[in-house]
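Chemist: Given the coordinates of chain C, work out where chains D and F should sit on it, guided by the hints.
Listed in order, the protein sequences are those of chains C, D and F. Note that the numbering used here has the first sequence beginning at 387, numbered continuously upward. Note that the numbering used here has the second sequence beginning at 531, numbered continuously upward. Note that the numbering used here has the third sequence beginning at 28, numbered continuously upward.
FYI, nobody ran anything at the bench for these hints, they're computed from the structure. Where a beta carbon is used, it is the ideal one built from N, C-alpha and C, also for glycine. Incorrect hints may have been included.
[Claimed, not checked] Only some residues are given here: those of chain C computed to face chain D with a beta carbon under 8 Å:
(1) Arg410
(2) Pro412
(3) Tyr459
(4) Gln487
(5) Ala523
(6) Met527
[Said to hold, decoys possible] Here are a few chain D residues that face chain F, going by a calculated C-beta distance under 10 Å:
(7) Phe867
(8) Ser898
(9) Val908
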Amino acid sequence: MSHLDAGNGLAPEVVAAVDALRSRYPTEEALLLPALHLAQRANGGWLSREVMAGVADLLELPVSKVAGVVSFYDMFHDQPVGRHRIRLCTNLSCLLRGADQLADQLRRELGVDAGEVTPDGRFSWVPFECLGSCDTAPMAMIDDDYHENLTPDRLRAVVSELD
Amino acid sequence: MAFEPVLTRNLGRPEVRTVRGYRASGGYQALGRALAMQPDELIDLVKKSGLRGRGGAGFPCGLKWSFVPKGGDKPKYIVCNADESEPGTFKDRLLMEHDPHQLIEGCVLAGYAVGANTTYIYIRGEYTAAARILEEAIRDAYGEGVLGASVLGSGFRHDVYVHRGAGAYICGEETGMLESLEGKRGQPRVKPPFPAVIGAFGCPTVINNVETLCCVVHIVERGADWFKSIGTDERNTGPKLYAVSGHVERPGTYELPIGVTFQQLLDACGGMYKGRALKAWIPGGASASMLTAADVDIRLDFDTLAKAGSMLGSAAVIVMDETTCVVRATLRLASFFAHESCGQCTPCREGTEWMRLILERIESGRGSEGDLDLLARVVPNVGGISLCALGDAAQGPVKSLIQKFGDEIRDNIRNRRYPLPRVPFFALGAVA
Amino acid sequence: MPTVTIDGRSVEVAAGTNLVEAALEVGVQIPHYCYHPRLSVVGQCRMCMVEVEGMPKLQAACSTPVTKDGMVVRTSSPQAVEAQRAIMEFLLINHPLDCPICDQAGECGLQDYSFKHGQAFSRFRFEEKRVYPEKERIPLGPNVMLNMNRCIQCTRCVRFTQEISKTGEIGFFNRGAHAEIGTVEGRPLDNPLSTCVVDICPVGALTSTRFRFAERVWYLDKKPSICTGCDVGCNITLEHRRGSIKRYKPRFNPHVNDYWMCDFGRSTHERYRDDPRVTSPAVRRNGQLVPASWKETIDAVFQGIRVKRADGVTAFLGSGFLTTEEAYLVARLARLVESPHRAIWVDSGPARAIPNLRGGIVGRDAAPNRRGVELAGLVPGESGLDAQTLLLEDGAERCAAIFVVDSDFGRAARDPKVVERLRKARFLAVMGWADTPLARAADVVLPAATHAERDGTFVNVQSRLQRFVRACPAPSQARPGLEILAELLSRFEAKWASVSAATVFDLLAEEVDAFSGLRWAQIPAEGQTLPSLSGTEGAA
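Next up, chain C with everything else stripped away, as it sits in the complex:
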């Protein structure tokens, strides 16, 4: 999680990727969400104070604005997360097909509550709102992928296969 110093503390590849998007938008500010996605990915899945300050510096925005944006969206994390982030859908359609049982299972078998990171840093999990996969309920988003048609066994298997 160390970064080469690009003046504002962001990894050079993040700065380069943000620069490549500049021509898409008429304002600097519009780069904020893409920049935060890129910076978060390069920082192990979360946005530390320093990284947020780096993004603020890069886009010439007040830090309070950047922090305000980060705290608004569910996919931006300002606290450390596990190496694998499990987002278990618990909205109505998934709830109707057993999502609460799966939530209990995660709590029990990972040994941490929602929002916490396992001691070995491998997992963190949260209940999430509708992920747009209600016909394959119950389901979860783990890192970038959707895992659908879950059962207690299937979820257990998927989790065990993650490094």
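Modeler: Frame of chain C; chains D and F shown alone:
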């Protein structure tokens, strides 16, 4: 129910994700035809078709396009609403993952109609696969001259960019989306001014749902009369994607003429899960009022459902059987709205949380006699005076719970216990 | 200009005027929290909902402009009244019952509107109020304290730091019922205007650390006045309890400070409480200053300043804190003893910028009235000694008598070297409110009133004449400088026996070109630019 698929005609044909494959299946012909028309003709065509927005509001698409002022020195924008966060909705994802060029074609058509040279596809951040597929398709489209400085050699420039959201339902609201696109918290704006006049970056903007833009392609290809021939009447036209989930045998996306009855849709899904009895169902996403087994013959279109006190919304149909505690289901939806409230305006910020707290108390067996009355009095104030429609939406489930399932609430309160045993969905050892 | 009818009263307003402002024109106050005339309109508190004929839903008055004729608005229809009641209920369900310990009590937007528009009972019986743990007393910066539990999320403070001070310290965080305002670690609320957010916060979420628990506002006497921190001359409300000043708040003046004032200005009254004060007239006998009567001390000055040419000259030293009227009397006095040695010392201060709609205003003097004092004639005459020579060089050695009319003329009044130099004069009389080392070195001490205890005018950096009157009487034996000088003058000319700031101003208006045509009673409440002098001075 045999209905010739329109929007989902390319399902099962992964080759259509390339320009070449899409063209081979008949794609981009509509675009070629439209570029030879006058933009105004295109707007009139869409108006004539009776196409209403498929994102939830059901606003007439052609009319929305006609609000964009002509000329002026400000650039115009198309923003495709691919935020799809309404609980129970997954049809746009299907369209984007399986037939990305259909959407791209729709965006360019919209751009041509209103004079916009740029489309931002605002796609919810969680749809990583769809975003990747779209980006690839867009790259291919640039390579084949479908996008860029001269679309299909016409001289009309159009660029399409994918812009990922980051997890907020309120960014599906038009002006919340614009704020998010501009790099801010997705907090809806006061209207007027409306986006058609002052939208993205202070410029005239049209915001259309994915499915709506896909419909435009087929209206141009086959005509307004053809589109109108499908559906209930001239105010409820065209094919519709119904996303069905919950306690049915075969949850999924079903493309049917708009205005099929719930019973017909249920039959298409293979009927109730394990043959159980229907208790309650939601016709159009979390904001739509619940309906019951007494309403199975209702037509699922904009006007019929509105008249019945509910709404078609995003046509996300959620089905609940006899094992469901509707108080718990409503609590889940109330929690959703409380979680997704942006927090700007007083009635929504405080009211959604208050409703959630009352329902939580009732559901956990700590309800008191006056609670039903209290809910009935608080709910009307959450909507109506809120800054955006989320406050109005949050009322839907709670209102219908009180109206249609008052007895169940009273039972919950009186007995001070969870009335229905929690049936574990996954019985020991069984697979769903 | 379109005409709008509000609650049956019609008025013509500029196109684009919002309904809150239009209603004020006909004396109707539509309740609101998030709206502020100088901040962007967000329409989020939903308190200002009104009924507009022809529209099925209520409209937020702050974001509804009057664009054409024929708009009919009802602010107290049953529908609007119910909406106001509902909003008050929503705001109070999570609001802590802090009134007994909250500074805002007595000037609180929730209290006021609760009375007018709210209900007298609570239906929030079994739920627990939302709290922000550990955020009951968070210093946002050196001058502002936050109690997040009291916040109603109106975001006025957020918009202020973004749009007015343009320093961006305060942000809006999280979503929904947990939304909160705050600062980011390492970037506290610390700009020259930071306390303004306390003024605009409708509730007790943001309070001033200076004023915290200082006084209940209903005990405060409130008088309009002018700040003396610099030559911007922000209009203020001076709030005191029996002469003890508790607080300055900015007073609206669109030509000068608009709705704002700086943190430094707010602190300038504290010196009146913290610095020692001269309480009794005194004369030096046998090397000691002893209390004396007013008659004795004024007689002593009268004798002391009429010197023989052979012994030296008489010099007068004023400051930028004198009122224009006082300065005029000093100049008069100097003329009567035929002295061209009329000096004025003004410290230059750090630049203090206040935003307004006319490009802003910048003060650079550390005192409010250099211009007024100079215009009134307190400038060195032909070959007269100036302040530089008197205080920093050897000018005092030529003086048989020096009359310092402000004991606290600047930082130099506490400089022992300066005091030593001035003491070289054979006779040293000092008038003023502050008991400075200079006052203690004098032969005669005349206790004077602070600006809060006298009437007068100041001329600010924009050459704007601003009038103020006393808020409270001077304590013990102190008297307004004007009265002391008039009594001294009456030893020379009988006509000065009975004066007021008004009569002196009218007199000087006849004599001094810059003020010609003006009369005290006709100086407008928001001041008046002296016509012959309006230039670009004072532009930001």
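Chemist: Enumerate the violated hints, using their earlier numbering and listing them in ascending order.
Modeler: none
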